[in-house]
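Working from the sequences, and respecting the hints, build out all of it.
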Amino acid sequence: MGTRALQKKMDQILYREQHGLLKSSNKSRALRKILANKLAIIGLVLFVAITILCVFAPLFTPYQPNSIDLRNRLAPPTFGHLLGTDQIGRDIWTRILFGGRISIFVGLGSALGAALIGVSLGTYAGYRGGLLDATVMKISEIMMSFPQIILVSILVTIVGQNLWNLMYIFILTGWSSMYRMARSQMLSIREQEYIQALRAFGISKAIIAFKHMLPNAIGPIFVNITLSTAMFILQEAALSFLGLGVPLDQPTWGNILNVAQDLTILRESWWVWLPVGVAITVFVLAINFIGDGLRDAADPTLIG
Amino acid sequence: MINFIIRKILALIPMLVVISFLIFLGVELMPGDAVDFMISPEALSTVSPAELEALRDELGLNDPFIVRYFIWLANILRGDFGYSLQSGVPVSQLMANTLPATLELTVAALLISTLLGSLLGVVSALRKGSIADNVLTVAGMIGVAIPQFLFGLVMIVVFVFNLEWLPVGGRMTPGRELFFQRLEYLVLPAVVLGLALTAGVMRYSRASMLDSLNKDYIKTARSKGLKEWRINLIHGLRVAMTPVAVLIGFRLPMLIGGAVVIEQVFQWQGVGQLFVMAVRSQNTPIIMMIAFFSVLMVLVSSILVDIVTAILDPRVKLS
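Protein chains in written order, with our numbering: chain A, 1 to 304; chain B, 1 to 319.
Fair warning: there could be bad hints in the mix.
What follows is a list of derived Cβ distance ranges for each label pair [claimed, not checked]:
no.	chain 1	residue 1	chain 2	residue 2	range
1	A	88	B	5	51 to 61 Å
2	A	248	B	215	51 to 61 Å
3	A	142	B	74	20 to 30 Å
4	B	184	A	128	54 to 64 Å
5	B	304	A	129	45 to 55 Å
6	A	132	B	88	23 to 33 Å
7	B	225	A	116	51 to 61 Å
8	B	138	A	263	27 to 37 Å
9	B	137	A	51	17 to 27 Å
10	A	79	B	88	53 to 63 Å
11	B	11	A	88	37 to 47 Å
No lab work stands behind these hints, which were simulated from the structure alone.
Remember, it's a predicted structure, so these values are computed and weren't measured experimentally.
Even for Gly, the Cβ is constructed at its ideal location relative to N, Cα and C.
Encoded structure:
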């Protein structure tokens with residue numbers, strides 16, 4: 001680009017800035033950066049594809065996830081059963097699709113729930129400071145000093161094993177990291193001049209915190225939600241593997257994988273455990289790609 | 001320095017009291033009690049309610065909650081951790097039987113992930129954009145996304161079933177109990193647990209090293225005409241390793257959590273397996289002790305992190 005072209009471009013930017021037109025191009029900057037990020041796009045496509053397959057599961061399979069066919073036990077993949085059948089003759093492909101519904105729901109639901117609690121507490125307490133902030137901070141410190149799986153296992157035995165309880169437990173154990181992240185964002189935003197101006201106008205603290213500060217912290221929050229979704233899906237799988245997750249009569253990705261504890265199945269029937277393992281890994285990978293893309297797009301210090 | 005450490009340890013005590021109370025409360029809220037699990041359903045019909053009550057009394061299950069908490073706490077302070085409700089074996093003995101196995105596994109995994117993770121991360125940062133960097137980055141992403149136990153199962157299929165190099169699980173063959181004889185049992189679980197953590201350490205140390213290489217003092221060092229390896233290793237690495245040390249310290253809860261799962265995969269008879277068994281049978285003294293112990297480990301490691309940070313980074317003040 002020659003010097004004159006460069007100058008012309010600078011003039012254009014200056015003009016748009018002076019006439020308040022720069023905002024719209026700023027908004028699309030985050031979008032542009034995500035679109036330019038190939039991995040994020042791959043992640044998004046995989047995420048959408050797997051989610052659609054799972055949500056509209058009955059359209060993609062003729063079988064029911066729990067229908068037993070004892071004459072067809074541990075059958076290897078054929079055209080009739082795309083991924084074969086398990087030890088009591090249930091169609092694996094069907095179970096992966098229906099299991100995905102629950103696993104994705106648990107992961108996404110828990111992440112959103114944890115974000116709702118963690119972010120609202122973090123936003124308000126982080127801005128106000130004082131006793132409220134100190135108390136919540138102490139509680140989150142206590143929560144975080146437990147290894148997650150130990151805390152979750154104890155809670156699962158207290159409230160009993162079912163789908164909703166598992167989500168409540170994930171939310172209860174997961175909000176503290178969201179809280180800390182939102183709080184640290186608030187602490188840095190709090191020092192900015194526009195906040196002082198708002199305070200001088202006498203606007204209420206809650207309105208300043210939620211209406212004027214929170215939107216500026218939304219980038220890292222979204223990144224955190226995506227990464228937590230991935231974490232909860234992995235946790236559901238690990239808990240089911242230990243026999244402490246969703247009850248075995250409901251298909252989830254973790255429950256399908258659970259049978260691989262049987263060494264004979266592990267050795268001889270790869271189609272029972274490998275495809276669902278790949279499904280979990282690919283889905284989590286896709287979410288992480290999206291999360292990384294969001295982080296790069298939200299962080300103005302990374303130019304590109 | 002000594003002052004700093006003492007202050008940190010003193011701050012730990014109220015935290016531990018609160019946590020011990022919470023653990024006790026949590027276990028209290030669990031449905032059923034030990035007596036329900038001690039008697040098989042067939043035998044239950046022949047046992048009269050009065051006998052059940054006598055058994056509860058004997059085990060101290062009928063005292064008020066707060067009394068039992070203080071009895072429990074006082075016992076712990078005297079080194080008495082209670083007895084397994086099913087077998088009557090002292091919890092301290094169960095811990096002593098399983099803890100060495102878990103320590104062996106976690107220390108090996110910690111070594112693998114720390115050495116490999118920071119080494120690969122630094123290599124990746126120094127050769128940014130190269131094929132090696134890209135391969136490592138992709139491997140790291142997959143490493144974060146794959147469930148640990150699935151990775152363990154795949155390794156069993158490859159190295160045990162197909163190549164037949166290593167035993168499928170357990171910790172030792174009877175009669176061959178020296179460390180190097182047991183090594184073949186340790187390799188697979190330690191590598192699986194280690195590699196699962198390596199991915200995170202690698203990603204982090206790469207970012208940290210890149211960050212450190214962009215700093216002004218690196219330019220200063222370069223303009224002084226220092227050798228490139230000296231700049232990278234002495235000026236860049238030392239600063240880059242501080243956040244990595246912090247990360248490794250904070251990964252300890254994940255390490256313990258990972259050990260619970262990996263011990264189950266490889267039938268490694270450590271604390272994790274003991275914990276899962278105790279949770280399934282609501283063996284409260286064991287659950288409490290392991291939960292309490294793991295929290296203690298996490299808190300102590302966070303103090304260690306503070307100390308290591310202070311040593312590595314002169315900008316951190318100890319006060």
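Each hint, compared with the structure:
Range check, residue 88 of chain A to residue 5 of chain B: about 58 Å between beta-carbon atoms, so the 51 to 61 Å window is met. Residue 248 of chain A and residue 215 of chain B have their C-beta atoms about 54 Å apart, which keeps the hinted 51 to 61 Å range intact. Checked against the hint of 20 to 30 Å, the pair residue 142 of chain A and residue 74 of chain B passes, with Cβ atoms roughly 22 Å apart. At roughly 58 Å, the beta-carbon separation of residue 184 of chain B and residue 128 of chain A lies within the given 54 to 64 Å, and the hint holds.
For the pair residue 304 of chain B and residue 129 of chain A, the supplied restraint of 45 to 55 Å is violated, since their beta-carbon distance comes to about 30 Å. Checking the proposed 23 to 33 Å range against residue 132 of chain A and residue 88 of chain B shows it is violated: the Cβ atoms sit about 47 Å from each other. Separated by about 56 Å at the C-beta atoms, residue 225 of chain B and residue 116 of chain A satisfy the suggested range of 51 to 61 Å. A beta carbon spacing of about 31 Å between residue 138 of chain B and residue 263 of chain A agrees with the range 27 to 37 Å that was offered as a hint.
Restraint check, residue 137 of chain B to residue 51 of chain A: a C-beta distance of roughly 26 Å satisfies the suggested window 17 to 27 Å. The hinted window of 53 to 63 Å between residue 79 of chain A and residue 88 of chain B holds, with their beta carbons roughly 58 Å apart. Under the hint 37 to 47 Å, the C-beta atoms of residue 11 of chain B and residue 88 of chain A, about 55 Å apart, miss the expected range.
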